[in-house]
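**Student:** Now for the letters of each chain:
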Amino acid sequence: MNVRSSKFEVQCPKSKVRGRRYGIRKTQYALLLMVLFLLLSPGVALAQGDPDPNRPTNDSCLVCHAEEGLSMVLPSNEVLPLTMDAETLDASAHGVHASEEVRCVDCHNDMAGYPHADFPDVDYRTWQLKMSLVCGNCHEDEALDRQESVHARLIAAGKFEAASCADCHGSHDVQWADPEKHEVDRMHMVNACGQCHSTIAEDYKQSIHGQEAAKGNADAPTCSNCHPAHQILDPRSAEFRLQSPELCGQCHADEELMRQYDISTDVFDTYVADFHGATVAIFEATEPGEITNKAVCSDCHGAHLILPPTDENSSVMSANLVKTCQRCHPDANESFTASWMGHYRPDWRHYPIVTAVQWFYWLIIPFTLAFFAVFVSTDAFRTIKDRRRKKAAGDDGGNRQGGERHD
Amino acid sequence: MMGAIGREVSAMTERAMKIIRFGLTERVEHFLLLLSFTILAITGLVQKFPEAGLSLGLIRLLGGIENTRSIHHISAIVLILLSIFHIFYVGYKIYVLKRPLSMLPGLKDVTDAIGLLKYNIGLSRQRPLMDRYNFGEKIEYWAVVWGTLVMAVSGYMLWNPVLTTRILPGEFIPAAKMAHGYEAILAVLSILIWHVWHVHVKHFNKSMFTGAIDLEEMEEDHALELEKIEEGVWPPPLPPARERWRRAVLYLPLAGLLAILMLITTYYYFTERTAITTLPPAPVEEAYAPAAPPGLPTATPAPELAQEIPKRILWRQIEPMPVQSHLVDEARADCQACHGPYAYIDPGPLDHAEYANDGCTECHAVAKEVSQR
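Quick mapping for you: the protein sequence lines, in order, are chains P and Y.
Note that the numbering used here has the first sequence beginning at 1225, numbered continuously upward.
Note that the numbering used here has the second sequence beginning at 235, numbered continuously upward.
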């Protein structure tokens, strides 16, 4: 019953995150996860493998749990509602859609049998985070990926509000994460992330990407296109910062895709060819763990509130460009902004000075080299010839001056 | 006539067959130039071609790109100081010591170049007689002057684009970058072809290090100068000490003042802040901004604190007496299992803890069939 959403995994086709960076660590995390299972919840570990067909059915749980108003008080004084209705379960991805039947006890495997064991934790959140380990029983790859994510690291550091499985996917009403595959509204994910990242979600919805995604445009990225769903890197990390231009380049360097929107694919190459991009590229290759202060795409265009340069609120719109440059170059003036060629390649009409310099060298370099080549090759030819003659003459005890012999 | 010299020197010792060509100052200048040029070329080309594996290896070796740039900048300062010194040193030699302008190109250089080419391909039997600096050396010297000028000016612009764009239009910055990169390629290729051929491969000319040159090389490359040395008319005599003193008193303070001005400009230009040294300010606000407090499992109500109720006691409020309930059959014979004060389902009050199952129906009505037992 390995439920995989394979299409979801390839949403970032060029991202090297999966195999390369975390391949070695996977086994370590698998071990860690197994130890966690054994320590925290012996029942969970036993649940792996083929499910027992005689395990309690959902109906037997619902005998009691369908009752309205059923709830309990946790040691933390939180009230945990215990009522569940069959429709919610059936409408979930684990319900009617699942290839195999998922029963209550597959997840609540320490609750089989009655009377139930005591509530195992002090408060609800601790228990919920432990319960999220159960998801990995079937969704192994996703659970392993998640161990590297910023959310998992935050939880490990004691910030229990960081997201675990059910926070994004829901619990009893769990839905597929891949909206394209299952024709769920593309904004579904944005709303899920927006539960905790509300300001960012609002920014995103106003951005050109968000506007397009809301229209149902499948080309427009949503959250997980840039922050791969389970292995979400800390976007403040050096790795993320250095990789981020490649992230944008996945779409913006794709000619076929960009042609539909009349967007130049030169943006990536011209960025890498210029000072900021070249430095970032070098940093990524030589010092991947070091933060660079050189601008990446998001420093000028914004990360979530990205608007087209024609929009009057865009940070890269010509009237707003000085302000954007001044964020890093506080003393920059209006004229300074023209030193950035706006992702264009030099041409006579827009950048005559740059183009003139370019042509000057395109002419002068071959001319100089040709002159040198002619001179050096003939000089070499003559020198060798003279020296041979001189050597022959030297053997006879003759004149040392090769060139003078014919005077 | 050349033959005569040849015969004359062949009688001398090896040591005497050398002619002093460069003084200590020129040799130190050349050494600093070769040092700064080489470092600039290496640390610059790895930045121009960062995608090359060799470049990345070198950048790692130099301790990262920021270090590489610092090394490039320091070498640039050395070259600029050297250039400033050279300008005033040449001025001193010309104005105070009244040395001839032997490096100035002239028509003779063109005819020499054509003459040598003709000689090389066998159209002429006579190698042109060349002076103190032959056309090849003049090409190299003026190429260095031109190259240093272009590199210094474009380098200044790139080092401090903020200051540059206060004076010039912004487009000059990418133009300077274009010029800086291409001029570097031109300079490095010129050195690798022209310089390496003439003073390393053709002969290994050590005069820039030892100061002395072989007579044989003099005859080949500077026959005219050698002739003038033989005749005793080269180098021309220095002006009288009195005149030199008079000119030095005028020249040195003026040159010193100008040099200090240039140094101050250079210092100001290179130390002026162009960009912040920290990360760019974050484009987004605090990432964690929950829309609502993280909730309990979906499809269930949000939690609320139940302060009044003792811990581990089930919560459901029971109105005085439930009047309607389920059957009491064999499976549900133990009332306390579900309805005891510590049980999970429909708990009873704490004071019911000790009640026996038999007594329950005395107060609590149960389903009809059972109550009629």
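Incorrect hints may have been included.
[What the hints assert, rightly or not] Taking lysine-lysine and the DSS-like style, the derived pairs with C-alpha atoms no more than 30 Å apart in a straight line are: (1) 1609/P <-> 342/Y; (2) 462/Y <-> 1614/P; (3) 332/Y <-> 1615/P; (4) 1609/P <-> 436/Y; (5) 440/Y <-> 1614/P; (6) 352/Y <-> 1614/P; (7) 252/Y <-> 440/Y; (8) 1429/P <-> 1439/P; (9) 1609/P <-> 252/Y; (10) 1614/P <-> 332/Y; (11) 1609/P <-> 462/Y; (12) 462/Y <-> 1615/P; (13) 282/Y <-> 252/Y; (14) 252/Y <-> 1615/P; (15) 1615/P <-> 440/Y; (16) 332/Y <-> 1609/P.
If you are wondering where the hints come from, they were derived from the structure by calculation, not from laboratory data.
**Student:** Against each hint, give a clear statement of whether it holds in the structure.
**Tutor:** Results of checking the hints against the structure:
1. 1609/P <-> 342/Y: It holds: about 26 Å lies between the C-alpha atoms, which stays within 30 Å.
2. 462/Y <-> 1614/P: holds, 26 Å
3. 332/Y <-> 1615/P: violated, 43 Å
4. 1609/P <-> 436/Y: holds, 12 Å
5. 440/Y <-> 1614/P: This hinted pair holds, its Cα atoms lying about 22 Å apart.
6. 352/Y <-> 1614/P: holds, 20 Å
7. 252/Y <-> 440/Y: At roughly 11 Å apart (the allowed maximum being 30 Å), residue 440/Y and residue 252/Y satisfy the hint.
8. 1429/P <-> 1439/P: This hinted pair holds, its Cα atoms lying about 11 Å apart.
9. 1609/P <-> 252/Y: Since the Cα atoms of residue 1609/P and residue 252/Y sit roughly 25 Å apart, the hinted pair holds (cutoff 30 Å).
10. 1614/P <-> 332/Y: Violated. Residue 1614/P to residue 332/Y sits at ~41 Å, over the 30 Å cutoff.
11. 1609/P <-> 462/Y: holds, 29 Å
12. 462/Y <-> 1615/P: OK: residue 462/Y and residue 1615/P at ~29 Å, within 30 Å.
13. 282/Y <-> 252/Y: Judged against 30 Å, a Cα distance of about 43 Å means the pair is violated.
14. 252/Y <-> 1615/P: Status holds; Cα separation ~21 Å.
15. 1615/P <-> 440/Y: holds, 23 Å
16. 332/Y <-> 1609/P: Cα-Cα ~42 Å, so violated.
Hint compliance for this structure: hints 3, 10, 13, 16 are not met, and every other hint is.
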